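Construct all of the structure, not just a fragment, from the sequences and the given hints.
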Amino acid sequence: MRKSAKTSIALILLAATVFGGTLSLGYTAQPSELYSLVVLVENDKILLNPYSAIPVNPEKHPQTNFNMTIAFIKFLISKEGQNLIADFRKDGESLFIPFSNNFTLAESLGFSNQKQEFKWYNSQTAFNVVNQSEPFFLTTTTSTYESGLLDSLIPVFEREFNVAVYTISVGTGQAIEIAKRGDADVVLVHSRELEEAFVREGYGTHRVGVMYNDFVIIGPGNDPAEIKNVPNATEAFRKIGEAGAEGKALFISRADKSGTHLLEMKIWSQLSIQPSTPQHAWYLEAGASMATVLRMSNEKQAYTLVDRGTWLSKKKELSTPVLEGLFNAVKLIGSFNPEVFSITLLSLGVSGIAVLLGAVVGVPLGTLLGWRSFRGKKPIVNLVNIFSRNIVNTFMGLPPILVGLVVYLTLSASGPLGPLELLYTPTAMILAQLIMAIPIIAGITMSAVGSVDKAIREKALSLGATERQTMLIVLREARTGILTAMVAAFGAAISEVGGIMIVGGNIRWHTRVLTTAILYETELGDFGLAIALGVVLLSLAFAVNLILTYLQLKGVKR
Amino acid sequence: MPTVEAVNLCKEYPGKKALENVNFKVEQGEAFAVIGPNGAGKTTLLRLLDLLDTPTSGTMYFNGVAIDYEKNLLALRRRIGIVFQQTVLFNTSVFNNVSYGLKIRGENKRNIRNKVREVLQLVRLQGFERKNALALSGGEAQRVALAQALIVEPELLLLDEPTANLDPKNVSIIEEVLSWINKEQKITLIMTTHNMAQAQNLADKVALLFNGRITKIGSAKEVFLVQSKYLADFARIENIFTGISKVTRDGISVIEIDNEVQIEAAFQKPGKLTVYVRPEDIILSRNPIRSSARNVFRGRIVEMIDLGAVMRLKVDAGKEFVVQVTRRSFNEMKLNMGSEVFLVFKASAVQAV
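The listed protein sequences derive, respectively, from chains A and B. Its first residue numbered 3, the first sequence is counted upward by one per residue in the working numbering. Its first residue numbered -6, the second sequence is counted upward by one per residue in the working numbering.
Among these hints, one or two may not hold up.
[What the hints assert, rightly or not] Listed next, the in silico DSBU-like pairs over lysine-lysine satisfying Cα-Cα at most 35 Å (straight line): (1) B:176 <-> A:456; (2) A:259 <-> A:76; (3) B:179 <-> A:456; (4) B:209 <-> A:456; (5) B:102 <-> B:176; (6) B:209 <-> B:18; (7) B:10 <-> B:209; (8) A:76 <-> A:47; (9) A:47 <-> A:268; (10) A:456 <-> B:18; (11) A:92 <-> A:81; (12) A:250 <-> A:318; (13) A:81 <-> A:317; (14) B:307 <-> B:9; (15) B:307 <-> A:456; (16) A:302 <-> A:47; (17) B:162 <-> A:456; (18) B:96 <-> B:64; (19) B:265 <-> B:209; (20) B:339 <-> B:262; (21) B:162 <-> B:307; (22) B:239 <-> B:179; (23) A:456 <-> B:64; (24) A:456 <-> B:9; (25) A:117 <-> A:47; (26) A:456 <-> B:108; (27) A:259 <-> A:318; (28) B:339 <-> A:456; (29) B:265 <-> B:10; (30) A:117 <-> A:92; (31) B:162 <-> B:176; (32) B:176 <-> B:108; (33) A:456 <-> B:96; (34) A:230 <-> A:250; (35) A:456 <-> B:102; (36) B:124 <-> A:456; (37) B:214 <-> B:339; (38) B:262 <-> B:18.
If you are wondering where the hints come from, they were derived from the structure by calculation, not from laboratory data. All values reported here derive from a predicted model rather than from experimental measurement.
Structure, rendered in structure tokens:
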């Protein structure tokens, strides 16, 4: 157990890099077989994609920062915000169109009160009194985040209002779920049905149209389903389904309850097609972000539905070779990139503190359980012993994602410890890793103490040691094992991803650590940063092992 | 008043009686050896004496006071030292190992340093303070263990086969130390051993322990003479043989052991007799050598035990003999399991018990 945890992630990373490299080399050797993805169907009314901002209802969740929410939405729909949205371009093309004063279009897309909302927001002056010390949580969709739009909007807002905006980007469905639990102040999403339900159930106050873009259907250049000149999206889907059934085409679905996914489902249901069945080999449900689905479509030469913003921002990266990623990685590490540095520091801090706290609990616990193996002649004591040892051993293999889920539900605003407002903070991440570290430390300490020769204990007794002095000498003899326990726990903690992803939210500059960043940057297709972080993680694991080996050698030879 | 007195001491483990009605007295300053085969209960007895175990029944007296196991035995235990058969040392420096007993008694640092230096000198390990105890040879480690027990100046020192599996140099150092602390410091010793010569040299009184019972207590001579037929059964008493002795015209004795083994001895004792030869008195050679030695046997190596500088070999020459050779000779002679060798020893090396 001890070394495998930390080395395995490193090995997987290495293997993935090598494997990925081989794959891309294989493809480039036969360029004629790979068609670039192109837009095949666009400009259908059903494909229009409006984004709304919705404040979380302060009556439902009083801890939310409603004033800041109003300030944020006012900023989004102000002239400044709308201009920023209009000016945001990727490779010369704008990705989002602000509603500005086009109330007719907004109304036709379901924002019936848009004019009144704009008027109301413009009359609000509450910003001057907002509490600036509290962090402000925005949940938004991956498509918004991945486009890069928020990077040009949020810093401006943060500067103007001197506030830290914590952005959690997930699918629309998930974003709304998080807000329903009271773990966000405002949502910026794109699914009319879910949004209306959110407001209807009283969790959100009202919908404000911020901007829109549209969806497009993309597919490989050779267009095996022949959808290039069909009149509308619905017809295109029908033809993809037919071609798929004949084994000529593939369709990849987000399958993550995102706005994109919901729109896709709406189109299938208009055709009375239920694509999500095991029999439909042509319909692949990814359960992943838009950027990931784009890369999958590229690799598998499949059709998919994508918002134009993400498509425009990502299409170039699809052809970025892995070698370039490696090159970028070297550059990032060499130039001492501040983001890599901050991520590494947070990783070390969170896992380090979790392990130290874990040792405070785990070492005495493990000592007690290991020590009992010397005694315990009474059957009842034995039974308790066996039982508690089994619990510790079982919890040593605790799945991090499960810990994350439990900690999330506990710390969530509507959970028992919600009022502490710890969710999406490093404290929550330390807590999750602490829960994982304690059984590992206790378990290995337990066996280290238990395996100290009984003769050592008797030796101490025979030399006149008291019970307490005997325990201390046994602990001293087990010190290498205890050290191993802490290193193993650290290795497990720093390479863990599921738990801290859930409770930390992977918020840039705040709760993003090495593993969540690797996962995220890989999804975004930013292999350079992912590899750079992987190298850092691997080096940390190596350094920790080196220290351990040194201490072990020193322990024997001194 | 005896330092230790055992009255009807019994110890039972599930399904096994380890000690049955053991009675003995050890006077202050006496050296008492318990001799017996493996599994006779020697170690169990020492564990009872060191208060690590409680007897199933019977009473133990320490300086005339019966031990009450309901009470805290720490104070009493601090007056008794023990050296285990299997050397156990803490994974730290020799200094920390030796000083441990004093440290837990709250002795001040200067005294500790001085006493450690003295006791290491006694076991001839001066200058070993900073070495790691686990990096020592078997003999050195056992001497550290002895120093650990001695530094707290116990009234009673228990020793469980203190020299088993050690090379002759370490054996003689330990025996010298034991002799000195017993004769000069008047520390009471209780030791178990399988080595008759050791018992004879060190102990004032010897007890024979068989199957958990003491069958005989007396001086070494008394015990060995009367109980020789039992002694012959001791697998771990080396080179002890019983046979019929005839005195020849040359004035020596020829003892007929079974399996056509004849041993010549330089004394004149006829009749049934038990004799032994110390392993270090036997010369081992590859080829028959011409010498004045009267006893020459041909055999094969059937067992080899590595004692570091010395190898202990078991040679089957009709009877099994235990011999010792230095590792250097062992290598030079290219010895191995099954090698044919000759055993040579003088008639004067044969001793009767």
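Tested hints:
Using a Cα cut-off of 35 Å, the hinted pair residue 176 of chain B and residue 456 of chain A holds, with the two alpha carbons roughly 33 Å apart. Between residue 259 of chain A and residue 76 of chain A the CA atoms are separated by roughly 28 Å; this keeps the pair inside 35 Å, and the hint holds. Note on residue 179 of chain B and residue 456 of chain A: the hinted pairing holds, with a Cα-Cα distance of about 32 Å set against a maximum of 35 Å. Among the hinted pairs, residue 209 of chain B with residue 456 of chain A is consistent with the structure: their alpha-carbon atoms are about 33 Å apart, no more than 35 Å.
Between the alpha carbons of residue 102 of chain B and residue 176 of chain B the distance comes to roughly 30 Å, so the proposed pair stays at or under 35 Å and holds. Restraint check: the Cα-Cα separation between residue 209 of chain B and residue 18 of chain B comes to about 13 Å, which is no more than 35 Å; the hinted pair holds. A distance of roughly 19 Å separates the Cα atoms of residue 10 of chain B and residue 209 of chain B; the hinted pair therefore holds under the 35 Å criterion. Of the supplied pair hints, the one linking residue 76 of chain A and residue 47 of chain A holds, its CA atoms being roughly 28 Å apart against a limit of 35 Å.
Restraint check for residue 47 of chain A and residue 268 of chain A: the C-alpha separation of about 13 Å stays at or below 35 Å, so the hint holds. Between residue 456 of chain A and residue 18 of chain B, the direct Cα distance comes to roughly 30 Å. Compliance with the 35 Å bound is thereby established for this hinted pair. With a C-alpha separation of about 21 Å, the suggested pair residue 92 of chain A and residue 81 of chain A falls inside the 35 Å cut-off, and the hint holds. Proximity of residue 250 of chain A to residue 318 of chain A is assessed by CA-CA distance (about 26 Å); at most 35 Å being required, the pair is judged to hold.
As the CA atoms of residue 81 of chain A and residue 317 of chain A are separated by approximately 30 Å, the hinted pair is consistent with the 35 Å bound. Distance hint between residue 307 of chain B and residue 9 of chain B is fulfilled; the C-alpha atoms sit about 31 Å from each other, no more than 35 Å. Of the supplied pair hints, the one linking residue 307 of chain B and residue 456 of chain A holds, its CA atoms being roughly 32 Å apart against a limit of 35 Å. Distance restraint check for residue 302 of chain A and residue 47 of chain A: the Cα-Cα separation of roughly 28 Å lies within the 35 Å cut-off, and the hinted pair is therefore satisfied.
Between residue 162 of chain B and residue 456 of chain A the alpha-carbon distance is near 30 Å, which keeps this suggested pair within the 35 Å criterion. Distance hint between residue 96 of chain B and residue 64 of chain B is fulfilled; the C-alpha atoms sit about 24 Å from each other, no more than 35 Å. For the hint pairing residue 265 of chain B with residue 209 of chain B, the CA-to-CA distance comes to about 20 Å; that is within 35 Å, so the pair holds. A C-alpha spacing of about 17 Å is found between residue 339 of chain B and residue 262 of chain B, which places the hinted pair at or below 35 Å, so the restraint holds.
Between residue 162 of chain B and residue 307 of chain B, the direct Cα distance comes to roughly 20 Å. Compliance with the 35 Å bound is thereby established for this hinted pair. Straight-line distance between C-alpha atoms of residue 239 of chain B and residue 179 of chain B comes to about 44 Å, which puts the hinted pair past the 35 Å bound. With a C-alpha separation of about 23 Å, the suggested pairing of residue 456 of chain A with residue 64 of chain B holds against the 35 Å cut-off. This hinted pair checks out: residue 456 of chain A and residue 9 of chain B have alpha carbons roughly 22 Å apart, not beyond 35 Å.
Note on residue 117 of chain A and residue 47 of chain A: the hinted pairing holds, with a Cα-Cα distance of about 22 Å set against a maximum of 35 Å. Note on residue 456 of chain A and residue 108 of chain B: the hinted pairing holds, with a Cα-Cα distance of about 28 Å set against a maximum of 35 Å. A hinted pair counts as satisfied when its Cα atoms are at most 35 Å apart, and residue 259 of chain A with residue 318 of chain A qualifies at roughly 26 Å. For the hint pairing residue 339 of chain B with residue 456 of chain A, the CA-to-CA distance comes to about 46 Å; that exceeds 35 Å, so the pair is violated.
With a C-alpha separation of about 34 Å, the suggested pair residue 265 of chain B and residue 10 of chain B falls inside the 35 Å cut-off, and the hint holds. Distance restraint check for residue 117 of chain A and residue 92 of chain A: the Cα-Cα separation of roughly 30 Å lies within the 35 Å cut-off, and the hinted pair is therefore satisfied. Note on residue 162 of chain B and residue 176 of chain B: the hinted pairing holds, with a Cα-Cα distance of about 21 Å set against a maximum of 35 Å. Using a Cα cut-off of 35 Å, the hinted pair residue 176 of chain B and residue 108 of chain B holds, with the two alpha carbons roughly 20 Å apart.
Note on residue 456 of chain A and residue 96 of chain B: the hinted pairing holds, with a Cα-Cα distance of about 21 Å set against a maximum of 35 Å. With a C-alpha separation of about 15 Å, the suggested pair residue 230 of chain A and residue 250 of chain A falls inside the 35 Å cut-off, and the hint holds. Of the supplied pair hints, the one linking residue 456 of chain A and residue 102 of chain B holds, its CA atoms being roughly 29 Å apart against a limit of 35 Å. Between residue 124 of chain B and residue 456 of chain A the alpha-carbon distance is near 24 Å, which keeps this suggested pair within the 35 Å criterion.
With a C-alpha separation of about 23 Å, the suggested pairing of residue 214 of chain B with residue 339 of chain B holds against the 35 Å cut-off. Proximity of residue 262 of chain B to residue 18 of chain B is assessed by CA-CA distance (about 34 Å); at most 35 Å being required, the pair is judged to hold.
Checked against the numbered hints listed earlier, the structure breaks hints 22, 28; every other hint is satisfied.
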